[in-house]
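Novice: The two chains are supplied separately, each in an independent frame; assemble them into the complex guided by the hints.
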Amino acid sequence: MNNGKAIEVQDLHRHFGDIKAVQGVSFDVRQGEIFSLLGPNGAGKSTTISMLSCLLQPNAGDALVMGHSITRRPMEVKKAIGVVPQEIALYPDLTARENLAFWGKMYGLRGKTLGRRIDQVLEIIGLVEQQKRPAGKFSGGMKRRLNIGIALLHKPQVIIMDEPTVGIDPQSRRHILDNVKELNRQGMTVLYTTHYMEEAAELSDHIAIMDQGQIVASGTHDELVKIVGKQDRVELTINTESERVLPAWQAIDGVHKATATDSIITLLVDESDRVLPRLFEAAIEAKVHITSVTIQEPNLEAVFLHLTGRALRDG
Amino acid sequence: MKILDIALKDMLQSFRSVFAVMLMFVEPIMITGLIYFAFGGLGGGGSDGLDLPMTRVVVANQDQADATSGISAGNEVTKILQSEELADFLEVTMAEDEAAARAAIDDRKADVAVIIPAEFSKAMTVSGARATITLYHDPTLTLGPGIVKAVIDGIMDGFSGYKITADITEKQLARQGQTMGPDTLRALAISYTQWAQNQNTTEGASADPTISLRGPSGSRTPDDSPLAGILGPVMAGMLIFFVFFGGAYTAQSIVKEDEIGTLARLSTTPTPSATILGGKLVSVFLMVLVQSIVLLISSALIFKIQWGEPAGVIAMTLSMLVAAAGFGILVASFIRNTRQGGVMLGGVMTLCGMVGGLFTAGFNTPSGTFDIISRFVPHGWALDGWKLAMSRASISEVLVPAAVLLGMGVLFFVIGTMLFRKRFA
Chain Z
1 MNNGKAIEVQ
11 DLHRHFGDIK
21 AVQGVSFDVR
31 QGEIFSLLGP
41 NGAGKSTTIS
51 MLSCLLQPNA
61 GDALVMGHSI
71 TRRPMEVKKA
81 IGVVPQEIAL
91 YPDLTARENL
101 AFWGKMYGLR
111 GKTLGRRIDQ
121 VLEIIGLVEQ
131 QKRPAGKFSG
141 GMKRRLNIGI
151 ALLHKPQVII
161 MDEPTVGIDP
171 QSRRHILDNV
181 KELNRQGMTV
191 LYTTHYMEEA
201 AELSDHIAIM
211 DQGQIVASGT
221 HDELVKIVGK
231 QDRVELTINT
241 ESERVLPAWQ
251 AIDGVHKATA
261 TDSIITLLVD
271 ESDRVLPRLF
281 EAAIEAKVHI
291 TSVTIQEPNL
301 EAVFLHLTGR
311 ALRDG
Chain E
1 MKILDIALKD
11 MLQSFRSVFA
21 VMLMFVEPIM
31 ITGLIYFAFG
41 GLGGGGSDGL
51 DLPMTRVVVA
61 NQDQADATSG
71 ISAGNEVTKI
81 LQSEELADFL
91 EVTMAEDEAA
101 ARAAIDDRKA
111 DVAVIIPAEF
121 SKAMTVSGAR
131 ATITLYHDPT
141 LTLGPGIVKA
151 VIDGIMDGFS
161 GYKITADITE
171 KQLARQGQTM
181 GPDTLRALAI
191 SYTQWAQNQN
201 TTEGASADPT
211 ISLRGPSGSR
221 TPDDSPLAGI
231 LGPVMAGMLI
241 FFVFFGGAYT
251 AQSIVKEDEI
261 GTLARLSTTP
271 TPSATILGGK
281 LVSVFLMVLV
291 QSIVLLISSA
301 LIFKIQWGEP
311 AGVIAMTLSM
321 LVAAAGFGIL
331 VASFIRNTRQ
341 GGVMLGGVMT
351 LCGMVGGLFT
361 AGFNTPSGTF
371 DIISRFVPHG
381 WALDGWKLAM
391 SRASISEVLV
401 PAAVLLGMGV
411 LFFVIGTMLF
421 RKRFA
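Protein chains in written order, with the working numbering: chain Z, 1 to 315; chain E, 1 to 425.
Here chain E stands alone, though its shape is the one from the complex (with noise of 0.2 Å):
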């Protein structure tokens, strides 16, 4: 019980400091505001409020249709880019080759080109082989390169669904003693054609059950609105960055109440120090569960963001919490005093979220290497929880970084109370 009262009265102050409301609560909705206003929101221009700046590509295809199965992957590529979907944000014209499309990005004709190689309908039927669509961009330009990376992802996606079913069929026909003449792939190649357009024109994505195509993470899901679709991995960044923060913010009122006495008070009432250091540690979880909590629902109500299915909202939140308790109080037990917490938490924080990726979450971001890093941090696992919650991922998905926040936060738990045992002992 005393534990409660603890954590409760730990929580009356955080709400009564403006400080700590804003932080963890005003800070994160209203930056993802900022950038709401910025693309238009509530501003009624486009569909479902989006208002985007038209981006200008320039495809070069120089894709060959492979003459035994007839497939031509490029010119798929082309025809989707040219969809009358994606017409209120993209401008598609044709370059003669690589050159001349190059040469219009360089010369601020276009703002995104898409190269075609030869071998690409061929890389779809030849087992093993591989080609690579170019993206040549402004380097100035975050969104127009974003959409359309986002859009080459899905239908490379696609791409790849086809090519396993493909290598599955003729592994498949090998084992019987038969080989997958032209006939068979042109069969597939239609069968996938039709499931490429159903897919691009419709919610058919779950229609054919022997491909199953999912977006990139993030991406925008049949009931999203597209604004909805770039916020989410925003809001998602700064829901990450403030919960972390939050979590710290709290832990730290251990280290202000061994200054103000009161710690040191509390010590000569016979409440145990185990009930103690239990009811900071309670403190800090309920913040940040119901910071998370208010966060999540505003964020829904407000920006229409789709967090995504239950089960992996459910898996995220509370791993995300566990994560961000036992930082916070890791982090919290290398505190001196309030004056130093400011600093070192603005710095700890302001790292792990640069490292983890949660200011870039939602724009085109370098990968690779960067991938790797932000794996350090447990910001970088719970920001790949929730981008694969929102893009409706499975939930045996969502739970690979939720256990890996999951056992993050309970080793920095035990380190941070251990340290802090010690101190106050």
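Looking at chain Z on its own, in the form it has when it is part of the complex (with noise of 0.2 Å):
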């Protein structure tokens, strides 16, 4: 019906006031897949969200979402998506069950249906033993799980997931990623934002990078990847400011870019093994102490300093 694609973007613009929050973005999602919009904070990924999710209408431009316009068709948009957001948003009175349950009413189930579907979530997303406990005392990562939970309840074609991951411990967060597999797996759609590029190269089938409301770059991982070609990452800590020593390293021949954030430097270098003596002889010769140095093949943290010129933490 939409050849194989459940998200067609094509070039959606949303300002607030004077600021261009999100500028021409367009991208297809093909059905049964992981697309993850990666960026760092800031970079119109969540507004970008809002506008699919049909709770923001965006200035210019459209999205068809399982053939439905967002602008046109919200309704049937609505239907046809779970939509995790960003903040945990549960009502904390209610237990882990009677929250499923009024989300499961608000997406048209009721009944056994409801009663049924709310037991298989509650399975999916591991809190059957604490599904009688009201939501306001559970952990961080329990509510992010119930959280997801809700989304799942009315079986979306497509899951539409704001960075889920935020700030919760390592534990939580594996179950999390674990679980969009298992969803997709299960042939769900699954549009997912991060600024964890670990998170994106885990779980995605495709990426496109975000940057001030754009999309920067576009591809599955080995294809980004590829645009920095054989450039390592090496990222050195100081013990002072990085600008007595950064235009001396800028000028060492193998050195494509370079950016700092206090004391710690990150570079994208052709050869790590011959250009890294060189920026000690520089360190020296400029009075730096160099406390630490990290040195990284080629990732998704390095195409995006190479196509912006700042690290993803900067965001």
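Relax, there's no trap hidden among the hints.
Below, in silico cross-link-like pairs of lysine-lysine (DSBU-like), each with a Cα-Cα straight-line distance of 35 Å or less:
| hint | chain 1 | residue 1 | chain 2 | residue 2 |
| --- | --- | --- | --- | --- |
| 1 | E | 2 | E | 422 |
| 2 | E | 422 | Z | 155 |
| 3 | Z | 181 | E | 256 |
| 4 | Z | 132 | E | 256 |
It is worth saying that the hints were derived from the structure and are not from the lab.
Specialist: Following this line, the structure appears as structure tokens:
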């Protein structure tokens, strides 16, 4: 019905006063894939998600979700999607089961169907034992899991997850990532936003990198990494301000991009084993002491740095 | 159906909140209970458990009996004050003149002075003439002067009834070319006196169809205990204050949902925004309905408060619900966040309660300008309506404040809904 596309985003624009949050974003998500929007905070990911969830009207452009326009058929879109908001949106006074029951009703589920579906979702999110406890008494990770469970109740064709792992412990994060993969294995299309490049790398069939309201690159993980070629990412921590040595390091042959945050300097270099001794020599000349060095092979962080001149964490 | 789901969810949340339950159900009963115990409720003292301190009344009766009709209205007032029925509450002595009565108050030898003017009886018989009974009392006292004022108000209502009857009789006779002679006046006076005595000693308020005497609003009725007569308006004030507070508190859940992100999440479900807002409004209405019913029944059972005839009670309950729900939605529409909401709700509700006279209901309060000011807020109309209902006023009398409340409620509701729709569009 829609060429195998679950979502087709066509030149979306959204501004808030003078701030252009989203500027001409276009991408397609195929049915059954996990598609990640990767970018720093403020890149425009959540605004894009809000428009696809019919929470915000675009100023220009449109998107089709399972063939339904977000501007002309929002109710049909809402039936097809399950949304996991970035902020935990639960009723703290209600138990986990009561929360699921209420949200299930909002998706039109009733009676035994609702009861069965609640049981299944509790199983998926691992809260069967805690179903009668008020959500307000849950740990951050449990709340996140319940937050996801609500979006699964009506078996949506597309699930939209806006940074679902923000601020939780590693164990809960692992649980959520495994859930996302399992849901995808069951045929659900997942649109996932994150600013953690490891999550995007682990989960995604397709990744779009966003920055300043635009998509700066899109493709599979391997396709994106190829953008930076064989450049290694070298992160050095020094004992003083970066300005004392940064110009000298930028001038070294083989250093392509350099970005600094406080005393941490991140460089993209052609061959780290050849460049590294020169970096040390320049540091000694500038009387700067290097306290740690980390070398990483090309990854999404390096891609972002290469494309925007900034590290993902700078966002 | 979804409207009801949203409303029931809100109600469930409210019932799980200790603060909300305390605010909506416990506090009004508790405050009235404190007054109940302060006046000796359940203590067994006095009649019907009422253990009021004796009020010392000094009467300066300067009235001259009307020579033509033989009416001596001043004596009638004095007799009623000295009657056995009031002997448990009033200790009446006589003063020679106004100055002596005032001096008794100033010297703290009496609590209330009742000064009956010289032309009092004449004012009863001469068309257009007026006379004023003056109450002079220690300004620090409220209860004793309140009781005396209630008694005098009742007598004066009766006199007014007599005077209206006399005026009508005189006009009817004039139409037939006759004049009302002293005998007719005397006959009317005897009839009135018998009725007044009957009124004072029996339950015969309705025995005389020619004169319909109704006590002052919220005053004691034949079926009420004296304590219930005092507590009635107090409980009405508490009922109105906390029902309005409950309405606003529940309406504030829209703001709370916006804050915790569930309102936005609701908008991602296939639920129209009108349904979401509708559900919220229904929850406000249902909450105040439950609150009102619980408070009306529990106060009737605990404090023996008689809220009035069923028709009046239903009219007042429904109109108060609409007004409280509408007012709550309007107030909540101005609240930006729950932190601001606590301060704003407390401030607005307390101010409206004070202006509406809710905290002084049942006690001796200033009238005139204050009565006019209280009409600027729905609370004042609600108190008026409940007082009328409790005094068993006719349904047509109760319908006036009820209609005003209803109108105000609908207006508040429309404005509040428009503001919310604009805000969350």
